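A.B. asks: Residue numbers (this note's numbering): -14 to 308.
Quick caveat, the hints were computed from the structure, so don't treat them as lab data. Heads up, some of the hints might be wrong.
[Unchecked claim] For lysine-lysine, the following DSS-like pairs were computed, each having C-alpha atoms within a straight-line distance of at most 25 Å: (1) LYS266 - LYS227; (2) LYS151 - LYS101; (3) LYS227 - LYS96.
Computed from a prediction, not measured in an experiment: that's the story for all the values here.
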Amino acid sequence: MADQKKKEGLEKPTLHTRNKHTGRYDLKALKLVNTDLKPFVAKNKYGNLTIDFFNPVAVKALNKAILISQYDLDYWDIPDGFLCPPIPGRADYIHHIADILAVSNSGNLVKGHQMKCLDIGVGANCVYPIIGHSSYGWSFIGSDIDPKAIEIAQKIVTSNPSLHGKVECRHQPKPEHIFSGIIDTDEKIDLTICNPPFHATQAEAEAGTLRKLSNLKKKRVKKPELNFSGQGGELWTDGGEKRFVLNMINESAQFSKNCAWFSTLVSKQSNLRAFYDRLEKVGVVEHKTTPMGQGNKMSRIIAWTFLSATEMKSWAEDRWNNE
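The whole structure should be built from the sequences, with the hints applied where relevant.
C.D. replies: What follows is the structure in structure tokens.
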């Protein structure tokens, strides 16, 4: 029976237990929240309501309905072409990283606006701050190298009273930097998160998309249209994921006492060894790897800290348990 449910898409067993999206989407209710979704909802061969997840317009309409109905929003929108990520995977990162913080907080989940998280590459969609604040009450800084993305994310923040004073958008004017120019020298950040560009070039990104779509549709796909869209800086960067994360690890050492935990998603398992070697080289006290999965997509979170056990205990007492 379990195998049959998986075949029909009735459950997503690999998502975090606190993830709101472990069951099927209630599309009947969601299309009432966002009427733009209605034309894309239809029954599949099993008689269940679904949408065409290969259609970027349909995915955007679905995301808007989910964010408004389940994450305390009044408004959410992004222009065509900007990254429109699947919400369940983004929520999983937030919940898994919350567990890592909890271990450093005597097993208690860290909640409240005093917890500040830096989202590197917040994008126009502002999804991580939306989920993190709604789920745990965290405050956020969202950084991005694209001023247009910052402008759009800021509009989402100012259009939602629930986010006022809880999300600050900062433009990174120097693409070669990650933390420099964003974190002030005397500023304290409890956590950093990042969904880095995975590919080294646009051609590599398009080739990967063609392989993915061809496998899913069981036939050759010639046009590399992304169902979640995405601008260049959101999907590829010189040197790809490996170079980006290695640079992040190097630069994190400069802010070793400004931040309790640094973290990033890692798409390619083959890159892990290089990341572990670099973490050891820069002198981290501890690092953790947490596997994540959604459908056929597997990824993982790497988190690291330069704080000793004594320093982490003091950090938790000063910042996370003072309300």
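A.B. asks: LYS266 and LYS227 were given as a pair; does the straight-line alpha-carbon distance stay at or below 25 Å?
C.D. replies: Since the Cα atoms of LYS266 and LYS227 sit roughly 16 Å apart, the hinted pair holds (cutoff 25 Å).
A.B. asks: Has the given pair, LYS151 with LYS101, been kept, meaning a C-alpha gap of at most 25 Å?
C.D. replies: holds, 9 Å
A.B. asks: Holds or violated: are the alpha carbons of LYS227 and LYS96 at most 25 Å from each other?
C.D. replies: It is violated: about 32 Å lies between the C-alpha atoms, which goes past 25 Å.
Violated hint for the displayed structure: number 3, the only one.
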